[in-house]
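Q: Taken in sequence, the protein lines are chains S, F and G. Residue numbering for the first sequence is 1 to 372, as defined by this note's numbering. Residue numbering for the second sequence is 373 to 664, as defined by this note's numbering. Residue numbering for the third sequence is 665 to 971, as defined by this note's numbering.
If you are wondering where the hints come from, they were derived from the structure by calculation, not from laboratory data. Heads up, some of the hints might be wrong.
So the derived label-pair ranges between C-beta atoms look like this [stated by the list, open to error]:
{"#": "1", "chain 1": "F", "residue 1": "Phe416", "chain 2": "S", "residue 2": "Arg77", "range": "32 to 42 Å"}
{"#": "2", "chain 1": "S", "residue 1": "Ser56", "chain 2": "F", "residue 2": "Leu446", "range": "54 to 64 Å"}
{"#": "3", "chain 1": "S", "residue 1": "Gln339", "chain 2": "G", "residue 2": "Gly876", "range": "47 to 57 Å"}
Below, simulated PhoX-like cross-link-like pairs (lysine-lysine); rule was C-alpha separation at most 25 Å, straight line [said to hold, decoys possible]:
{"#": "4", "chain 1": "G", "residue 1": "Lys862", "chain 2": "S", "residue 2": "Lys92"}
{"#": "5", "chain 1": "G", "residue 1": "Lys862", "chain 2": "G", "residue 2": "Lys728"}
{"#": "6", "chain 1": "G", "residue 1": "Lys968", "chain 2": "S", "residue 2": "Lys129"}
{"#": "7", "chain 1": "S", "residue 1": "Lys124", "chain 2": "S", "residue 2": "Lys92"}
{"#": "8", "chain 1": "S", "residue 1": "Lys129", "chain 2": "S", "residue 2": "Lys92"}
Note that CB positions come from ideal geometry on N, CA and C, so glycine has one too.
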Amino acid sequence: MTQSMTDAAVGPGAASGQGVEVRLEDLRREYGPVIALDGLSLTMAPGEMVALLGPSGCGKTSALRLVAGLEEADAGRIVVGGHDVTSLSANKRGMGMVFQAYSLFPHMTARQNVAFGLRLRGVKDSDRKRRAGDMLELVGLSAQADRFAHQMSGGQQQRVALARALAIQPQVLLLDEPLSALDAKVRVQLRDEIRRIQLEVGTTTLFVTHDQEEALAIADRVGVMRAGRLEQLASPTDVYARPASAFVAEFVGLTNKISGPVQGGRVQVLGTSVAIVGTAVPDGPATAMVRPEAIVLTTDDGAGGDAPGELGTVLAVSFLGAISRITITLPNGGSVIAQLPTSVAAEFPAGSSVRVSVRPDPVPVAPADSPS
Amino acid sequence: MSDIMSLGFGNTVPVVEHPDTGKPGRGPLARRRRRLTAFRVAVFVVMGVFFFTPILAMFEFTTRGTGLGAPRTLASWRAIFDYPDLITAIQVSLELAAITSAAGLFLLVPTMVWVRLRLPRLQRVIEFLCLLPLTVPAIVLVVGLAPVYAWVTYFFGSSTLTLAFAYVVLVLPYTYRVIDAGLRGIDVQTLSEAARSLGAGWPTVMWRIIAPNIRSALLNAALLSVALVLGEFTIASLLSFQNLQVAINFLGRANAGVSIAVALASLFFAFILLVALSFVGRRRSAPVHEEE
Amino acid sequence: MAAAAQSAAAGSPDISTAVDARPRKGGRRLPLAWLGALPFLAYVGIFLILPTGIVVVGAFVGPKGGVTLENVKTIFQGFVFDSFVKSIELSAASSIIGAVFGALLAYAIVSGHPDSTLRRIVTSACGVLAQFGGVTLAFAFIATIGGEGLITVFFADHGIDIGSNVWLFELPGLTLVYSYFQIPLMVLVFLPALDGIKPQWREATDTLGGTGWHYWRHVAAPILWPSFLGAALLLFANAFSAYATVAALVSQGGIIVPLQIANALTSETGAVDAGLGKALALGMVVIVALVMTGYALLQRKSAKWQR
Ligand SMILES: Nc1ncnc2c1ncn2[C@@H]1O[C@H](COP(=O)(O)OP(=O)(O)OP(=O)(O)O)[C@@H](O)[C@H]1O
Ligand SMILES: [Mg+2]
Numbered sequence: 001m002t003q004s005m006t007d008a009a010v011g012p013g014a015a016s017g018q019g020v021e022v023r024l025e026d027l028r029r030e031y032g033p034v035i036a037l038d039g040l041s042l043t044m045a046p047g048e049m050v051a052l053l054g055p056s057g058c059g060k061t062s063a064l065r066l067v068a069g070l071e072e073a074d075a076g077r078i079v080v081g082g083h084d085v086t087s088l089s090a091n092k093r094g095m096g097m098v099f100q101a102y103s104l105f106p107h108m109t110a111r112q113n114v115a116f117g118l119r120l121r122g123v124k125d126s127d128r129k130r131r132a133g134d135m136l137e138l139v140g141l142s143a144q145a146d147r148f149a150h151q152m153s154g155g156q157q158q159r160v161a162l163a164r165a166l167a168i169q170p171q172v173l174l175l176d177e178p179l180s181a182l183d184a185k186v187r188v189q190l191r192d193e194i195r196r197i198q199l200e201v202g203t204t205t206l207f208v209t210h211d212q213e214e215a216l217a218i219a220d221r222v223g224v225m226r227a228g229r230l231e232q233l234a235s236p237t238d239v240y241a242r243p244a245s246a247f248v249a250e251f252v253g254l255t256n257k258i259s260g261p262v263q264g265g266r267v268q269v270l271g272t273s274v275a276i277v278g279t280a281v282p283d284g285p286a287t288a289m290v291r292p293e294a295i296v297l298t299t300d301d302g303a304g305g306d307a308p309g310e311l312g313t314v315l316a317v318s319f320l321g322a323i324s325r326i327t328i329t330l331p332n333g334g335s336v337i338a339q340l341p342t343s344v345a346a347e348f349p350a351g352s353s354v355r356v357s358v359r360p361d362p363v364p365v366a367p368a369d370s371p372s
Numbered sequence: 373m374s375d376i377m378s379l380g381f382g383n384t385v386p387v388v389e390h391p392d393t394g395k396p397g398r399g400p401l402a403r404r405r406r407r408l409t410a411f412r413v414a415v416f417v418v419m420g421v422f423f424f425t426p427i428l429a430m431f432e433f434t435t436r437g438t439g440l441g442a443p444r445t446l447a448s449w450r451a452i453f454d455y456p457d458l459i460t461a462i463q464v465s466l467e468l469a470a471i472t473s474a475a476g477l478f479l480l481v482p483t484m485v486w487v488r489l490r491l492p493r494l495q496r497v498i499e500f501l502c503l504l505p506l507t508v509p510a511i512v513l514v515v516g517l518a519p520v521y522a523w524v525t526y527f528f529g530s531s532t533l534t535l536a537f538a539y540v541v542l543v544l545p546y547t548y549r550v551i552d553a554g555l556r557g558i559d560v561q562t563l564s565e566a567a568r569s570l571g572a573g574w575p576t577v578m579w580r581i582i583a584p585n586i587r588s589a590l591l592n593a594a595l596l597s598v599a600l601v602l603g604e605f606t607i608a609s610l611l612s613f614q615n616l617q618v619a620i621n622f623l624g625r626a627n628a629g630v631s632i633a634v635a636l637a638s639l640f641f642a643f644i645l646l647v648a649l650s651f652v653g654r655r656r657s658a659p660v661h662e663e664e
Numbered sequence: 665m666a667a668a669a670q671s672a673a674a675g676s677p678d679i680s681t682a683v684d685a686r687p688r689k690g691g692r693r694l695p696l697a698w699l700g701a702l703p704f705l706a707y708v709g710i711f712l713i714l715p716t717g718i719v720v721v722g723a724f725v726g727p728k729g730g731v732t733l734e735n736v737k738t739i740f741q742g743f744v745f746d747s748f749v750k751s752i753e754l755s756a757a758s759s760i761i762g763a764v765f766g767a768l769l770a771y772a773i774v775s776g777h778p779d780s781t782l783r784r785i786v787t788s789a790c791g792v793l794a795q796f797g798g799v800t801l802a803f804a805f806i807a808t809i810g811g812e813g814l815i816t817v818f819f820a821d822h823g824i825d826i827g828s829n830v831w832l833f834e835l836p837g838l839t840l841v842y843s844y845f846q847i848p849l850m851v852l853v854f855l856p857a858l859d860g861i862k863p864q865w866r867e868a869t870d871t872l873g874g875t876g877w878h879y880w881r882h883v884a885a886p887i888l889w890p891s892f893l894g895a896a897l898l899l900f901a902n903a904f905s906a907y908a909t910v911a912a913l914v915s916q917g918g919i920i921v922p923l924q925i926a927n928a929l930t931s932e933t934g935a936v937d938a939g940l941g942k943a944l945a946l947g948m949v950v951i952v953a954l955v956m957t958g959y960a961l962l963q964r965k966s967a968k969w970q971r
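The following block holds chain S by itself, in its conformation from the complex (with noise of 0.2 Å):
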């Protein structure tokens, strides 16, 4: 590890198509009568990134410590790159960690914790320098190299750990909510920057967060945990457009809950007989996940008669840019929410009549009453 260290070029390019295969094979974590982890599996391409998105207290945390070796697993094993690593310490396990915060040593320059890692491997002076040097410029860091982190703002220093975990070349990159510690600004700029990083330097990634707009934005594949499981592994895509349960549709983007029957594996939704995804569903009384724009608004001119869909009035029109969001009250007295571009949305004034229905893509269901 030190030779390859030391041999290896240095300059981000020079570590490129470095990442390793990692698997989490039906990890276990109890914190006493808390269940973490309840059999969490996961693989992980070479070089993917793939992000972990729940509520909170769902074991997101708990499963990439597990990983980095900071906390041990009551059953499983994590396998990365062919090798068992469960049981080895964090220290040997070559991975780099962006921790939420206040992780940079404080007693240290930005340099002299990116070259911390370094040191540790017996590094020499000069070579370390450059090195951190050159990891502070891939961060666009160059100019606060000698700053204390009290010097520096918060996205700063989450750049300042990003170097310092990527400098030792880990063969894998964990990050624990990196952004979250920011501004929404700021945190948009980071995540493009760590993905662009992460492409760059090829490592394997995982990234844990509760912004799902973070995570669809950069991840190669997208996990989303509930109570210590994996609710759902795909590509951002998938995920969003082909949620596998209803509890993803929800936590995964804005989602319209419409009751419906259930019958013969469809969902009758707002007149329109819908190919239900996921976990089956009994016939009988159900809840579909519809998109916002998945529902098709027309202007109703009385005649309608034939067409599917039902009547209802415009509540209000909430304009976002290029999009606009329209609230339609139903006579039944639920309420929906229809996305369209500004342009279309303007052929719906607050207070028109409209007719709503759905656009027959398949939507997940749960059964009615269900609390999820």
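Since the structure of chain S is provided, determine the placement of chains F and G with the ligands on it from the hints.
A: Chains F and G with the ligands only, in chain S's frame:
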């Protein structure tokens, strides 16, 4: 100097270095946890023995009977009440403790709040003055205080309670540190501005708004003062006042058993006070900033 | 200390400008805001600054009035000078021991649950014991390892003479006795520094490939060092000014400076030498101030990274 003196009674947010999840296990982490537990047990046992043995020895001493082979007796404890001077000294010391902690707070808290709000540049001066007693030993202070006390006696009489004037100075560093930590934990500026904008006068702001929000710091400061005053000997002795420690010292020559019994009792009393406080502090550990 | 003194001095011109910049109620020359700080300043002036001033000035006044250096010269004579050496030795030894063991105890405390009853009890006990001294403490140790003490008797029953009659009243014994309040004080002063250590630093060191030794050597020790040193110096000052314990333990002579001062002030032979007492007091202040200044300089050099 500010960082030299930061007492462990402030509103710090404790972070455990190794969160104890109490899990048995086999891996390297479990090994580390076991080592840490072993270390802690060793330290607590060794320190426990070191600190408890003298206390035990004192207690053992107070129960010794007179003469060789005499049976154990609690006579020394009972005899406390036979020494009216001692009883008076206990009373005086308790009064001194109460006066000192109250006076210290009344002197310091409004000043600190005021300086924070209106004279921020004076903050360093106040801090310096408050920590100064750490560099001026009590024995030195007493040398210079002797002439000052001539005037104190002239104005206030020769009551032992006048010792409180000197004791307030002694407790300044401790009180300052604790209150400073407490005030850091709340937004004094916003709280007082909100109250002022609602028509509260300064006394109201201080008494109804600031004080309740730093309650645990105030209690801490008061009880540290109590502990200090109950243990103070130097100044009282050299200014020829009779407080608890001076009385214990004096009695120690005549009847060591009784004197030690009283000393033990006062130690225990202060300890109980501090323990009680630490539980009060816990209930308030999530301060609610009411901006009524 | 020196830093505080300096910035205090440097701060004073700023005070007037800050107040001038805010021409609220009251005249420009004596703004009302100052009145708020007046009671405190007056009090401290009378009961702290004035006595200190009396000591400093008095150190240079002869028995019959008039300026003299005789008092200060006496400090460097034989037994008086020895008492300074003894005082410094005792303070240094007890502060080093107190700092080391206090730090260990503090670490044992913080490595447990932050809200545990054990932590409450230990910190409360430390709050009491840090102020523990005088005849009670002296007696505690006499009752433990004095001629008739619990431990002495116990070992004597087993045929071992711990010989404490010899060393209890000398430097080793006094150091042991002083540890009894130095260690608790260290715990109180050092706990907040330990509380400030973030678990992430250990974990970051782990993931970067560091061992426990690396963590302590490169991360924890450098971060804690300034606080540790500051706490140790506070302990030094504390031991240096302690009077009551030795006064109760050693009835004869003045082996440490505070006893010399007390002797000079209340000499049983009636030969009160107020000038000498003040000179000795001044000497003590100078030494503590030197220690604190040294610390401030060290601190400024070693801790650029602190706010
Ligand atoms: N050290 C611990 N001791 C006790 N319980 C714990 C500990 N760490 C985690 N837990 C519990 O395990 C569960 C999972 O925690 P985890 O930190 O993995 O959640 P998370 O998904 O990261 O949540 P968040 O989004 O809020 O960070 C929670 O119920 C939590 O309370
Ligand atoms: Mg988490």
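Q: Would you mind marking each hint as holding or not holding in the structure?
A: Results for each hint:
| no. | hint | result |
| --- | --- | --- |
| 1 | F/Phe416 with S/Arg77: 32 to 42 Å | holds, 38 Å |
| 2 | S/Ser56 with F/Leu446: 54 to 64 Å | holds, 59 Å |
| 3 | S/Gln339 with G/Gly876: 47 to 57 Å | holds, 55 Å |
| 4 | G/Lys862 with S/Lys92 | holds, 22 Å |
| 5 | G/Lys862 with G/Lys728 | violated, 62 Å |
| 6 | G/Lys968 with S/Lys129 | holds, 20 Å |
| 7 | S/Lys124 with S/Lys92 | holds, 20 Å |
| 8 | S/Lys129 with S/Lys92 | holds, 23 Å |
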